Structures are given as C-alpha cells and as structure tokens.
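Following the hints, complete the assembly by docking chain B onto the known chain A.
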Amino acid sequence: MPLKNRCMIIAFSLLSIVCCLPPVGLTANRKLKVVATIPDLASLTRAVGGDLVEVSSIALGVQDPHYLEAKPSYQVRLSQADLLIYNGLSLEVGWLPLLVQGARNPRVSPGAKGSLKASEAVDRILEKPTGEVDRSMGDVHPEGNPHYLLDPRNGVKVAKLIRDRLKLLDPVNSSKYDANCAAFEAMMNKRIKAWEQAASVLRGKKIVTYHKQWEYLADWLGLEIVAQVEDKPGIPPTPRHRAWLVTMMKEQKIKVLLTANFSPGLATAKKVADETKAKLLSLPASTEGEPEIKEYPDLFARLVSALAEALKE
Amino acid sequence: MKKIAFLVSAFFLVIVFSGRPGLSQETDPSITGISRAFNPAISLNGLFYGMGTSLESEEHHEDESEGHHHGLEPGIHLQEVELAITANVDPYLRADATFASHGENVELESLFITTLQAPAGFQVRLGKFYVPFGLHNQLHTHAFPFVEPPLINQGTFGHHGWIDTGVTCSWLAPLPWYFNLTVGGFGGPEEGVFSSSPEEEFVGFGRIENLFDLSDAATFRVGGSFAWGPAILESDTSTVPDARVVEQVWGADLQFKWRPPQFQQTRGLVLQAEWLERQRLFNDNEWIGAGKGYYVMGLAQVSRWWWLQARYDWRERQPTPKGDPIFYQHEDEDMNLGLQRWSYAVALVPTHFQAYKLEYSVIDHGGRLEYRTCFQVNFTIGSHPAHEY
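The listed protein sequences derive, respectively, from chains A and B. First residue of the first sequence: 1, per the working numbering; consecutive thereafter. First residue of the second sequence: 314, per the working numbering; consecutive thereafter.
Just so you know, these hints were derived from the structure itself, not from any lab. Quick caveat, the model's predicted, so the values are computed rather than measured. There's no promise every hint is true.
[Unchecked claim] Chain A is faced by these chain B residues, among others (derived, beta-carbon under 10 Å):
1. T427
2. T428
3. A433
4. F435
5. D526
6. Q577
7. T579
8. P663
9. I694
No residue lacks a Cβ here, since even glycine has one placed at the ideal position from N, Cα and C.
Chain A extracted, bound-state conformation (with noise of 0.2 Å):
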C-alpha cells in the first residue's frame, strides 16, 4: 500500500478516535475554573462563588468589550475553565467564538453545562430592532442593546442565573451558592434603594450620551437621553450631525454629555461639551473601569453620585 494512503487511513483514524473520545468530566474537590468575558460577570461571579471558585475576567474594566482581540492567551485561559459566562446579544461576537473554537474545551462548548449566556436572566432586553437590520445602520445588535448589566436589578437576576449554573456544575455545594446568592441580592436590594433615593433628583433630566450604552442605566434611574454623539452606534459623527447636535442641545439646554472612559470619541465629545458648555462625564461603564471601583455594586455607587452631582441643579 502506498505511504500516502497509509497516512491517510491512520489520519481518518486518529480523527474518529479523538471524535468518539467523552468530553472530560469535572474533577472533584477543586474550584470551579470560572471565565467571564465582562469584569461585571467576573465580580457577579465571585459574590456568588465566594472561595468555592476561580473567577478571571477576559476584557479589562478600561476596554471597550466590543472591540477586544481574541489573543491566543485568552484561549489558554478557556482552555482550563469549568464554566465560560458571557455576555450574549452579539457584545461579544468579534473574538469570543475565535477563543471558544480555539480553546477546545469541550467543557465550554457552546451548549455546554459550562457555557453560559448571562442575558437569559434578563426579561426586558432595550432596543431590539423590530424589523430588517443592516451594518447601513451601523453596529446594531440584532438582539437589542447588550449594555443591560448596568441596571443593578439585571446584575441580581444574573447573579442568580449564575448561582443556578454553579448549582448544577458543583451541587454538592448548593446551599454555599444558594447563601452567598441570598446575601448578595439582600445586599443589592438594600444598595439598589438608596442609589434610587439619592439619584431621585436625576428623574426626567436629559441628557446626551457619546454611545448608545447608557440606556439601561437611564432606564432605571429615569433619565432622559435625548441623542447620542454617535449617529449610528459604532460610527463617528459626521460633521452635519453634530451640528445638529449642537444645536439641539443648546436650544434644549443639555447640561451632560456622558461617555465611556474608554471611548474612542472622547476628543470629539470634549468638543462637542465645548461648544455647547454642557459637562462632559467620561464615566466607568464597567466594573474595575478606575481603581477604585473592585466590584460591581461600586459601579453604581460611582455612576449614581457623578451623574447627581452634574444634574443636582
């Protein structure tokens, strides 16, 4: 038989074992390896996991978790993890699937017990298109806007999809999970109040945003946003759009234009906050966004006081 055919027949081989191999189970007494893509999910995760798991983030609380690179050291990361938790509504479709298909982890799989979509805990996802969409639209989400953890309520409902997820990968240790999951919405529940009382001022104030990620926030603290710097998500202004802008915010009196501290049209907002004398807010969106704020309920703590202090007048 010639060599090639040989090889050949040895590679079918080798491909139909490593096919039929089982996926490699759990093993026992160990921290659950969990992956999130989102520090938000990281710091979710560990309030419910407590010391029971090892919770790494792959984006930085700095960067826009859009526009990540799927660096190969991501990979090896996934490659290790009992449980990837990740955002969903296309937050992350540019590089997440690069380092799930190279990670070959079967554990985190897509329709894995290891895999898990965070935004299946949220009922009411903002912005979802309703009709055709098309990238003439810029970056649309055809699943609706992904920005949704930062309304505290979606981060205690994802809290407990988590606390479910681990509730099934580890169970012997349910009622650790069920607990911290318990004193953790307590916590929130409590935090979540007083952030709405002292940000009742900020009810009905408008504002501007550079994209379109406050929504939620807004949502729940019952802002107004009445335009973005942004035309079209994703895409810089044009020149008649931001005169427009300028206009309308000046005739309306915006006093706040709020953007991402990692947003790349901080120049453009600063001058577009110039020219029209309203605040410029270059806020962290995330957890671990400054150095100050380690978990998700400081996020809040953060916007809340920032946001009051620009529209207490």
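Below, chain B without anything else, positioned relative to chain A:
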C-alpha cells in the same frame, strides 16, 4: 394547434391554482420542511486594486516570464472575490468553505472540517485549507497587511500561498502561556514548493508556536515551521533525466503586538518578521539551498481610522528550471543579487467591513529598479468569521 395549446395551459393553471388556502397558511418547518434557522453564516469579500509601474509593459511581462511573478498587473483589476460559508455541522464538527475568483473562474479555495469536542487540547482539521506555515501563509488575500504577499512567501508557496489538501492535528499544551504544536500531512499543492510531489507520496508538516503576554497591552509571539516532501524536478534537456529529490522548507517567525486597552480602537503597533529557507536533498546526502528570504514589517495605528505601514523584504532570485536540475540554481549569475522590495502604505479603515490602502513600493530586481504604486479597495458583506489574532 392554438386551441390545444390553450387547453393545455388552462389545464395547468387549474391544477396549479385550484388548491384552496385554509384559515391560515402553515409555515412551520415541521410540516413545510423548509427552515432557515440552520443556514450557515455567509459572507462575501470584494477586493479591487489599481497598479502603476515604472516598467514598460514588455519589461513587466518579461519579468513575469522569468519567474519573478508578482501577481499584479498594471491597470485596475478585480484582485479577488471570496465567498465564505461557515457553520457547525453538529456538536462535534465545524465546517468552513471559501470560494474565490480572480475574475474568470470560480475556484474552491478551501473546504475543511475542524473538531469541536476533541479532548485534552487536541484539534483535528481535515480538508483543503491554508497550511499554517508561519504567520503570513495563514492569511486570506483580503487580510494581507500589504497589497502583495512577501516576496519569500510568493517565491516559495506561489502567489496564493500554500493551500493544500490534508490533515493537521494540533495540541494546545496545558501551560501558563500559549504553546501550540501542529503536525500534519498534505497531498502537495498546485503551485510553489511541493507542487511536483508525486501523487502517491505526501508532504509532512510541523509547527510550534508560543505567545507570551508581556503586559495587558503587549504580546510576543515566536514560532517555527518545517515541511518536507518528495519532488520531481523535470529536466528540459534530453541528456539529463528528471531528478527525484526531497525538498524541505524551514521557517521562523517573530511578532510583537502592542495595543493599549483603554485606547484599543485608536492605537496599535505590530512588528513582525518571518524567515523562510528552502532546500533540496540530492543523492541522499547533499542539501542544496533552493531559495531563502525574509521580511520585516511594522504597522502602526495612529488614529481610529488610519494606519501607517512599512515593510522590507528580500529573497534570493528564483531561477527558471532550465538545464541540469542539480546545478541550475548556481548558473544564474544574478541569483546572489536577490530581489528586494521596500513598501510603504497608508491604510484607511473606517469600519471592520471596508478598507482602502495606498501603497508605494520600490523593487530592486537585481540592480534594476522598479517603482510601483498600488491602490486597493476591500469590503465585506454578510456574516464574516472574525480573524485570528
């Protein structure tokens, strides 16, 4: 006759339209058998270029016929249109296919399956695909950083790179850094090195790749590739018989990438170098060089839309296979002068789905200089899989 035709037409119309719709039209796939839910992701990439050269038309074609094939022609042309189709076959396999055309025929560029569930960090790929030899050979044409591939890749693997039918098995080692080992076997490509591999033989391939995170912003990658296989060197003289040789290609690649997390959309730097050497074994004991070269390039993102790029590349001149196949490499006196090229480009990238490149190159054809200016337009529609890091 007309009456018969009328009656037949009327009969068909009655048959076709006589069905009475129910209260609601049933569209459930379980009854219609038609579903779009599992359609694959489809995308189309268009690539056009315009090229002007200081060479006269005759000189350009003479240069091409001498084997210094650069792929591009003066004027405005379609460089490539690529249709990519991707989907998971089932929980165990993913399939990718690309069809490419350069203006005339549509060819199957790649078609392969990749395992999704293999354990212990293994992944098997089977089919026709870009062989992961080095860094540049893994890129589709629309992802090239410059309009043309590096001279050494072009000279070794042909203008379209080494695309081959075979199988690879790669292993991601359980180490703190990215360490990936790939081995494989291929049937021999249609152009470039190993293209004259006898059908019953195969080409062996191996690659080791390491990537280290230097910081949140910077990575350093180092890789080595090796391939070997038999080849038949055809002689065009009646006195010298065809020679059966073993060919091997070595490659080494280095890459440094920097992209600050907070400014990842507006700042970035890529420094990359790759070296390739091709050798032939004669009489089972004598390795003779059959071409080597390298490129060094730097790509700097200076704002949200703009990139500045530069590349220097060099390779030994590839002589035409005339005369004695054993010695022809040394007959060409120009060979040691080599080919070298300096390229400078400005790229405008408004979104992930369109890019424009203006490139100026100086090519030294062993003492004779050529000046080239290229313009390239690149766009993508549909759901295109993300590119590797």
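Out of the numbered hints, which ones does the structure contradict? none
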